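Could you put the whole structure together from the sequences, leaning on the hints where they help?
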Amino acid sequence: MNHLQSIILLFFICTIIIKNCKSEYPVNVSVKALWNLNMMAECELGYSAITYNNYGCWCGAGGSGTPIDGIDECCMMHDECYDAAIDRKICYDVPYEYLDDYSWDCNNHVAYCKPNLTGCGKALCNCDKIVVDCWRKFEKPNKKPPCKKDF
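Residue numbers -23 to -1, 1 to 128, in mature numbering (1 follows the signal peptide of the UniProt record, and there is no 0), belong to the letters of the sequence shown in order.
In case anyone wonders, no lab produced these hints; they're calculated from the structure. Since the structure is predicted, the reported quantities are computational estimates derived from the model, not experimental observations. Every residue gets a Cβ at the ideal spot worked out from N, C-alpha and C, and that includes glycine. Be aware that one or more of the hints could be misleading.
[Claimed, not checked] DSS-like, lysine-lysine: derived pairs with alpha carbons at most 25 Å apart:
no.	residue 1	residue 2
1	Lys106	Lys121
2	Lys66	Lys106
3	Lys91	Lys66
4	Lys99	Lys66
5	Lys114	Lys125
6	Lys91	Lys106
7	Lys106	Lys120
8	Lys99	Lys114
9	Lys91	Lys114
10	Lys106	Lys117
[Claimed, not checked] Now the in silico label distances, taken between C-beta atoms and shown as ranges:
no.	residue 1	residue 2	range
11	Lys126	Asn85	20 to 30 Å
12	Lys121	Gly96	29 to 39 Å
13	Lys126	Ile63	20 to 30 Å
14	Lys91	Arg65	13 to 23 Å
15	Trp12	Pro92	14 to 24 Å
16	Asp64	Lys120	27 to 37 Å
17	Pro118	Lys66	28 to 38 Å
18	Asn84	Lys114	12 to 22 Å
In structure tokens:
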């Protein structure tokens, strides 16, 4: 991870923590949880998940519209996977799903969710594993095409 990516990730972490402090629900925040998706991408892909931040309509904060391509579709599925965990009341709403920690291992460039996971951690690990496996089907993007909003 280069210096600029580290700064961006640190800013993102601080923003979430600040927003969390203003929340009406208490939560035990684990900063490690923010690194899980990124480290899982590094395990399987050999590069940071930040590569996909602000790619298309669905990769990064928010997400709406029609995915611009397969990579963007992976990100949409990831958002929908997190939303399903919230809808099924397995996880709390934003920012909690980005802060809930889970355990996983990397072996020969393959990520594995640990079998003892339960609840939100299990759901999020599975969502993150699914998106990384989906990204793996495509070449690493060298540019970030913008979203083409339908008006």
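Violations among the numbered hints, reported as their numbers in ascending order: Hint 11 contradicted; others consistent.
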